[in-house]
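Starting from the given sequences, assemble the full structure and let the hints guide the process.
Protein chains: 4
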Amino acid sequence: MVPRYSRPDMVAIWTPEARFKIWFEIEAHATDALAELGVVPKEAAAAIWEKGAFEVDRIDEIERETKHDVIAFLTNVAEHVGPEARFMHQGMTSSDVLDTCLAVQLAKASDILIADLDALLDVLERRAREHKMTPTIGRSHGIHAEPVTFGLKLAQAHAEFARNRARLVAAREDVATCAISGAVGTFANIDPFVEEYVAGKLGLSVEPVSTQVIPRDRHAMFFATLGVIASSIERLATEVRHLQRTEVLEAEEFFSPGQKGSSAMPHKRNPVLTENLTGLARMVRGYVTPAMENVALWHERDISHSSVERYIGPDATITLDFALARLTGVMDKLVVYPERMLKNLNKMGGLVHSQRVLLALTQAGVSREDAYRLVQRNAMKVWDSDGALSLLELLKADPEVTLSNAELEDKFDLGYHLKHVDTIFARVFGAA
Amino acid sequence: MVPRYSRPDMVAIWTPEARFKIWFEIEAHATDALAELGVVPKEAAAAIWEKGAFEVDRIDEIERETKHDVIAFLTNVAEHVGPEARFMHQGMTSSDVLDTCLAVQLAKASDILIADLDALLDVLERRAREHKMTPTIGRSHGIHAEPVTFGLKLAQAHAEFARNRARLVAAREDVATCAISGAVGTFANIDPFVEEYVAGKLGLSVEPVSTQVIPRDRHAMFFATLGVIASSIERLATEVRHLQRTEVLEAEEFFSPGQKGSSAMPHKRNPVLTENLTGLARMVRGYVTPAMENVALWHERDISHSSVERYIGPDATITLDFALARLTGVMDKLVVYPERMLKNLNKMGGLVHSQRVLLALTQAGVSREDAYRLVQRNAMKVWDSDGALSLLELLKADPEVTLSNAELEDKFDLGYHLKHVDTIFARVFGAA
Amino acid sequence: MVPRYSRPDMVAIWTPEARFKIWFEIEAHATDALAELGVVPKEAAAAIWEKGAFEVDRIDEIERETKHDVIAFLTNVAEHVGPEARFMHQGMTSSDVLDTCLAVQLAKASDILIADLDALLDVLERRAREHKMTPTIGRSHGIHAEPVTFGLKLAQAHAEFARNRARLVAAREDVATCAISGAVGTFANIDPFVEEYVAGKLGLSVEPVSTQVIPRDRHAMFFATLGVIASSIERLATEVRHLQRTEVLEAEEFFSPGQKGSSAMPHKRNPVLTENLTGLARMVRGYVTPAMENVALWHERDISHSSVERYIGPDATITLDFALARLTGVMDKLVVYPERMLKNLNKMGGLVHSQRVLLALTQAGVSREDAYRLVQRNAMKVWDSDGALSLLELLKADPEVTLSNAELEDKFDLGYHLKHVDTIFARVFGAA
Amino acid sequence: MVPRYSRPDMVAIWTPEARFKIWFEIEAHATDALAELGVVPKEAAAAIWEKGAFEVDRIDEIERETKHDVIAFLTNVAEHVGPEARFMHQGMTSSDVLDTCLAVQLAKASDILIADLDALLDVLERRAREHKMTPTIGRSHGIHAEPVTFGLKLAQAHAEFARNRARLVAAREDVATCAISGAVGTFANIDPFVEEYVAGKLGLSVEPVSTQVIPRDRHAMFFATLGVIASSIERLATEVRHLQRTEVLEAEEFFSPGQKGSSAMPHKRNPVLTENLTGLARMVRGYVTPAMENVALWHERDISHSSVERYIGPDATITLDFALARLTGVMDKLVVYPERMLKNLNKMGGLVHSQRVLLALTQAGVSREDAYRLVQRNAMKVWDSDGALSLLELLKADPEVTLSNAELEDKFDLGYHLKHVDTIFARVFGAA
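Protein chains in written order, with the numbering used here: chain A, 899 to 1330; chain B, 899 to 1330; chain C, 899 to 1330; chain D, 899 to 1330.
One or more of the hints may lead you astray.
A pair counts as met if it fits within one copy or between any two copies, since identical chains are not told apart.
Below, computed lysine-lysine pairings styled on DSSO-like, alpha-carbon distance capped at 27 Å [claimed, not checked]:
| # | residue 1 | residue 2 |
| --- | --- | --- |
| 1 | Lys919 | Lys965 |
| 2 | Lys940 | Lys1317 |
| 3 | Lys1245 | Lys919 |
| 4 | Lys1241 | Lys1279 |
| 5 | Lys1030 | Lys1241 |
| 6 | Lys1231 | Lys965 |
| 7 | Lys1245 | Lys1279 |
No lab work stands behind these hints, which were simulated from the structure alone.
Just so you know, these numbers come straight off a predicted model, no measurement behind them.
Listed below in structure tokens is the structure:
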């Protein structure tokens, strides 16, 4: 966890205090269930809730001797509860506590991330509607293609993050399971009722079949989903970085008054937030493969997954939470320059309209190949002039181009390209 | 693609012929839609279906000059269709064809993979029911823990692959979209009706907002899902590899009569299929990160994703198809040795029953810590004797152990561990 | 292997013919060594060289029965050699052949890749010298910073690929080892002399300690090195992609006369080769993790590495070979526009000289903070004017700026930035 | 950074204090060099050393306003030094400080890791010599193959980690470079002498050509090397995990008296340290791809690498340091059971000697194929008897086996397999 790339709510999920608190709840709920079954005295279950407490430092101290964290925790709780503590953890195994706790933590982390996505989606929709009809050049291969609107770019991002939200909801469901099934998952020493009871109390579903541990394909899917979301963050961040390039400058990250772009070059305003997001996306993606390598535990379990999860549990969720919030901030305050967009759009001498001319020629009976050749030879002249020549004028002057001047002029209308923006917005945001 | 790790049906999806055939269908359906809109003559659309044809070699030849595959294809088709061919591809861009084709291919590949999973699930259920009550030792950390059944191991695998099936169905839905939206996704030169029409014909859903290309977060999610499935394959393969170890030998891959295990050591029967699956899983996982790196295309698109997909499209699906089929074969014919399982289970002098004694002691009023100490000191003697000593006898002889001989003997009952197998099977396979 | 991203010399290393030819040489040399030791008759060794032959189809046929490739090969060779063939492979194990063969293949592949790097380095040096003094704007964060020369960019690339060459030479050395040590590496049935002899004949070094297999940390290092080289390819490819952007257009991939940029937009010239290289780099990087996962084989060996290597052995080397050659072609024929570079450099109204003014102010006694503030407030005006205002004129007019007009003008000299180009070139290319 | 997987010396390299201290040294040495050049007053340089100081909290406070860490640092130092502070950082850019600092940190981290490897190599050599002649079964595919010694296993590990040491030394050299070349690497505002001077003072080499930043292929190579080392750790850890399996139990991690293996099963002694190492290896490998993705920075630099390095700089080095130390501890205290090794070796009824019989038969004139068949049919009987039958006795009784009883008995000699152990040890450890 890198403090500068973290936010307190997500960090709070991963503190020792928070973890032990969840452990305590699992143990206390389980003892309630055992009491309900008549396996342990109801007074013992009550005593645990009443007198139960723990101290992180004391647990650490005991763990240094026992080298076993759950035993250390139980010992410490027993110091508070007294003899009735022996009814805790009856028939359970450490992983019942650890894995169910991780499920609770990942579910809570998912809730924050889903809220992050909702906030981002709100901003994207607002800015998309704001710039619904702001024309800008669409670029493929970094080269001017045909006009789009800036709102369409944001609508695309909205659709992408809406998909990510749905994926995350599914991933949350995948990891939010409770296993209290004993040493090798057979319920030999604990009734399945306890698992159902605790699952209900914690808002988890029951793990159908566990083997001491909850199977790690669930977690692999979860972290893979975070990796996809991070990749979408990189995509939008890359878009902003491109738009802020000196020669393009169609949009800029908000630059606060006190901020300094460069220690050496006072004129600079750099897209540092989106560059930062690009790096953060690399990190979140980097956690995917370790999570997948965690799946093939030996037999009923080995503990190799545990160290991996101590890193990626916090690191992936904290980093992604920070990144989503940062991206939301960037998009919320993004400074957009519509006039510059229009200037760039027009700078290539009308080349962006070349396809319409091509189509018109074929519809007028010219073969596709000939039409292509005719348009390309004029387009190349414009291209080579760095936009100084006008495609429209060259086409008018080309004797082989059989369209009338009026027909040609009609093909250079910007509105033509924007006529279906409403359709696309309706698909993304629903009916206006 | 490595021929030895491929199967013909999946390979067939990725041949040039198959790809061009899908291209042709997209173009022909699109022309139908254009004809329906009145944009092109109905006769032209009919002519395309009627006279349309292509030759892979000829397309390659043209591409060598034009360096553009879709143009080469259209030129070749035009050679067959004649002048009416100029009505094909009206207002479309290459990516409309390429991306929609990839969607069709990935959907078809998904269908094969889903069928593979179904076959595997069938085998796993059959073998699980067969060995539902075959006792075997459960192992955590590679160390004997407590008894399970071999059927439970397979039920776990079944549950895991059932989850993978659901994930794959979702991933298929994610990639099975059709985009026919023109050069930068604005439908400037093509009516959205064409997209809806072609999508309907090909069994795809409509891409709500594309930017020349279908957004690559969809594909990233798809390949990530394959990576998770591969990791589950590795898990089950690793289980078999462990079970076949000389000292364990509880199960073995089927070894056909003519097969040779080693050129130098004639006695060897090696788990080569499952080792092979372990390697194949590494490969499929290796394709996940490139797929995620493909998401952040520049602006409305760049073509960096294309080369990646030429590798991983075929390689990931062909490899996973082969791996699933191989795993199904391994599990189908797996030679299981129940008597050896029982022998191994019993070899540790009853250590596997230690937890029950621990629980009985605490329930008889001994503190958890004392109970643990009492059991551990006897267990360690058994452990150090390599199973020569009997835990039961040592406990009977330990004066501090206050349980009666009858009570102790009761704790060493194997059936005790299997009483909830039915419950778990009902969760996994539904009611018997 | 994707045919369109492959070149014949590298492909030839990985054909079955080539592999079996190396196998034959290993076996024949080993038999020579055994004959020299007196273990087998000299006539047998001679007969193997003389009569030895194999047919790929026949080997495949035998393997289908034996399911063991080396046994199939030996059986086929024996069909040609006759009874003396029984002296082949004496005391050897399959991996002795397979792993030594892979070492030969990777060494050959390295030789091609090293030659590829040499060709690239030649081109980079030539183009660097050509543009040694071609001024262009240096950009950090995509934003204009200070002037550099285009030759400096290429000199940097040269230095990077020279490092990669050195790394590859080291990686080649790492993998070019010979192991002929028998079933578990103990030389129980074969004298270490055979290993030394064969190593000498094949130009390999001796593997100091093998365990049936050559340890896979060597291969992991090899493929990791390819991954680093691929990343450098991506870096230079990304530079070209940026330079070719419509708004920048300081350089362009060579666009051959017949080539079509877009099926829909005839004016387009896209950096498709460097975008392609970006994707290929992703693939080569994707092979690194599987290679690393191959290291932890079980005990003296398992065969999980083998399937991985059947993919990445050819795929990583063939792809990287193709990518290096493509990059060399791109850089060789790159169309450079010095006048456009100068135009871009000048477009920001002299902002690129801001740091010099900052330094001059501090040297004239202004505090760093005040100097920064003074320069920034004028720079921001220029920035906001999109280059219409001139920084020099604004500074002259700023009463707080205490430098004389002559002093200020001196700070806007382009030559000032290029005075150490010779120094850097001497570092990279040696003395002129 | 996960505290439980970290050691103080490595952690100390990555604290803010340590980083700012290196920054200070870079700036102060650079000012010395500038003074030597006469660019700034010698008194200023002296004053910086004399009065220079910083406070982490104060820097953080300033950075919150300026959003620029180096400017914040310089401002804080200036608060201590007074007006002469304006001579610091003359002509430098932030990256000159940041990248050179990272080089110092990675060099220091390398020194610790090299020392870690040396400690591990010492332990491996000691244990290898101790068990040089301890026979144990060699296993391929997890199946008994032929005898080796436990010392040979450790000698192999020694050779592997010796290679890793050499790789790390090379990787250290790769990253230990100093760049003080100004805003875009042209030395426009700073003489190359400063770079040489500071490099000399800090024990770094000079970066031949930088572009504001030190090129990231260097760092990619560094982290890739750590990934290879981690993979070797996984290999040795996996070996120990296998040896500790209940059915094998040839070696065990040291189990301290107070330690508890399982909260539920008091008899368990689990290989938790080596399982933990397996997980840590996954993490270190997970950092390789982000490091490679960092290479392709845009133009002269973007800052996307920075966030990645804030994670992986500390995380990869701290984790690897911890893992190497843990592995050294495990191997140092590993409890080895030679009698159990022998027992396992003998349990397969002499099957491990099958190859020798095979060779003897071929040398006695039997064709390879017949010999294989003869040995295999007897070996399979032994295999199926679970070691109850003796291969030697079966072969004696097989009428087709033409070797005499004495000849057969000679082939079942264990010493035969160990005769070249000295040779291998001499290769790995040098002459005794």
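So, going through the hints one by one against the coordinates:
In this assembly of identical chains, the alpha carbons of Lys919 and Lys965 lie at most 27 Å apart only when taken from the same copy (20 Å versus 37 Å across copies). Taking the closest pair of Cα atoms, Lys940 and Lys1317 come within 27 Å of each other only across two copies (25 Å); inside a single copy the shortest separation is 71 Å, beyond that limit. Neither within a single protomer nor between protomers do Lys1245 and Lys919 lie at most 27 Å apart by alpha-carbon distance, with minima of 62 Å and 40 Å respectively. In this assembly of identical chains, the alpha carbons of Lys1241 and Lys1279 lie at most 27 Å apart whether taken from the same copy (20 Å) or from different copies (20 Å).
Only within a single protomer do Lys1030 and Lys1241 lie at most 27 Å apart by alpha-carbon distance; the minimum there is 18 Å, versus 34 Å between protomers. For the homomeric pair Lys1231 and Lys965, the shortest alpha-carbon distance between copies (17 Å) is at most 27 Å, but the shortest distance inside one copy (50 Å) is not. In this assembly of identical chains, the alpha carbons of Lys1245 and Lys1279 lie at most 27 Å apart whether taken from the same copy (14 Å) or from different copies (24 Å).
Hint 3 alone, counting from the list given before, is not met by this structure.
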